[in-house]
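Engineer: Each chain, written out:
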Amino acid sequence: MSVMTQKASDTTGAAAPVVRETARQTRGAPLGAPAVTPTAPIAATIRISVQDINAFYGEKQALFGVNLEVPDNAITAFIGASGCGKSTLLRCLNRMNDTIPGARVEGRILMDGADINAADIDPVQVRTRIGMVFQKPNPFPISIYENIAFGARTHKLAATKAELDDIVERSLRRAALWDEVKDRLGKPGLGLSGGQQQRLVIARALAVSPAVILMDEPCSALDPIATAHIEALLEDLRKHTCIVIVTHSMAQAARVSQITAFFHMGELIESGPTDQIFTMPKVDQTQNYITGRFG
Amino acid sequence: MKQLSPAARARYFRRQLVDRVMSGLCMLAAVIGLILLGLILWMLFSNGIGGLSLSVFTNSMAQPGAGGGLANAIVGSLIQVGLGAMIGAPLGMMVGIYLSEVGKESRFASVVRFVNDILLSAPSVLIGLFVYQIAVAPMGGFSGLAGALSLALIAMPIVARTTEDILRLVPQAYRDGAVALGSRENEVVRKVVVPAAFSGILTGVMLAVARIAGETAPLLFTSLGNTNWSTDLTQPMASLPIAIYRYAGSPYGEWVSLAWTGAMLITVGVLVLNILSRFSHAAVAGRMKG
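If you read the sequences in order, they're chains A and B.
For what it's worth, numbering that gives the first Met the number 0 labels the leading residue of the first sequence as 0, then goes sequentially.
For what it's worth, numbering that gives the first Met the number 0 labels the leading residue of the second sequence as 0, then goes sequentially.
Think of the hints as simulated: they come from the structure by calculation, not from any bench.
Small disclaimer: the values here were computed from a predicted structure and weren't measured.
Hints are supplied without guarantee of correctness; some may be wrong.
Each computed EDC-like pair below joins lysine to aspartate or glutamate, with the alpha-carbon atoms no more than 16 Å apart [said to hold, decoys possible]:
no., chain 1, residue 1, chain 2, residue 2
1, B, LYS190, B, ASP175
2, A, LYS135, B, ASP175
3, A, LYS155, B, GLU186
Using the sequences and the accompanying hints, generate a full structural model.
Structural biologist: Structure, rendered in structure tokens:
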């Protein structure tokens, strides 16, 4: 199985490793967090294949020759210090970097075998299949209902009001927010708490049925209880989706992800099953980072 | 305080003194501004309220002693300001949207921004002369339409500027959110950015309307003014500012009094517009914030 890629050499075995949950359990969830137990094994299917990616912002190179494979039905965590390139890679995956003047990407990113940077690929199509959740909750200044309906309306997913209602309800249920907002769908999305807003924008992303969801530090603006809600939700979502999460919290990476990729100074240092990265990393830099002895 | 050395104490009191003097000066400036505004309003109302009667709104301008009013000027102003805003505001909004959302820092956008700023600060009499050249002369005479056109040209750069400023205040996170959902550029602008800023854009439009409602100079060369009742856009048209201009300088007490009343009406109208824009702003903000 090639879910792990190494910077220097690829010596990982051919046998598919069974990802055990030891790291998650021994490391311990914070008090009050729900026990996150994995229900689906990691599928061997590779959803996204990053091949020799170099990324630039103007003159400055942000990513150096990154290779990585992101499996389906699993959570892949990108960890590393600020400015290490993890968010840059995330934004390459749905071509959000296109919106930044001067941003440039070299190399290939295959999603289900097709190069998302190919000339004949419309970035809008890419972003429709790959949803994104941002660091700060960003509901639009419209009602809860309209927030969820936004993507469905844009892509004309519903022919009738009933179908739209159905999409809204299903998305909110999947984001574990339905019970809290079902009586006030017409109220402003910005009136919700931070944690609810973040689940609202997750529901908004789910409403267009993306194959992949990218999350850029989705819990960094939330308190521990809201964080626990989101993490429980992620575990649930990954049964049907490929999730990539950028996080500053190593504890969070250990808790929620099956695959972890460690970045430093624009390079992918090491990636592999999360428990292996956290218990027996192959590279010293990774060891230093996860133990907090980062130079 | 007791532990402080004498030097530190002196420094402390000096800072405290400077702080109080500065605050006092700011307060003084604010009070002077308010007093001046109050004096203007007082003068306006004390002189204008006397001339206020039903005939002001029902009768057109007439010779002194004939019981004339300002009806034709009021209606003429409403038509020209309304038409001017209807032409100028959408154009200005589109320029503002282009500058903020499409052109951004591009060379062409910078040129447009620069030209818009020049237009914004151009003397309004120049706008009047310009419209005289391009509309009045070719059409063979002064007209309400030309008046509206000159007002539109004054409103447009104001609306363009306020629209751009307001759109830039819309958080980038909204745009990112919409883009990440697979929206195209025009959808991002139409469905997220402009609705989010709509009350602010509306405020800009109302400010522009308030500004053109009091413009006199451009109308002198375009709609000229008319002492008779006329709503024909191809004919010279009366307006409040020009009526004030004519009447205030006349030797007849009745006309001077009507000029004050007209000035009061414009001021009240602008005031109402401002209050309305505040109102709509608060309402929309309330709807968004919950």
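Engineer: Work down the list of hints and note, for each, if the structure agrees.
Structural biologist: Hints, verified against the model:
no. : hint                 : verdict
1   : LYS190/B to ASP175/B : holds, 13 Å
2   : LYS135/A to ASP175/B : holds, 11 Å
3   : LYS155/A to GLU186/B : holds, 13 Å
The structure meets every hint from the earlier list without exception.
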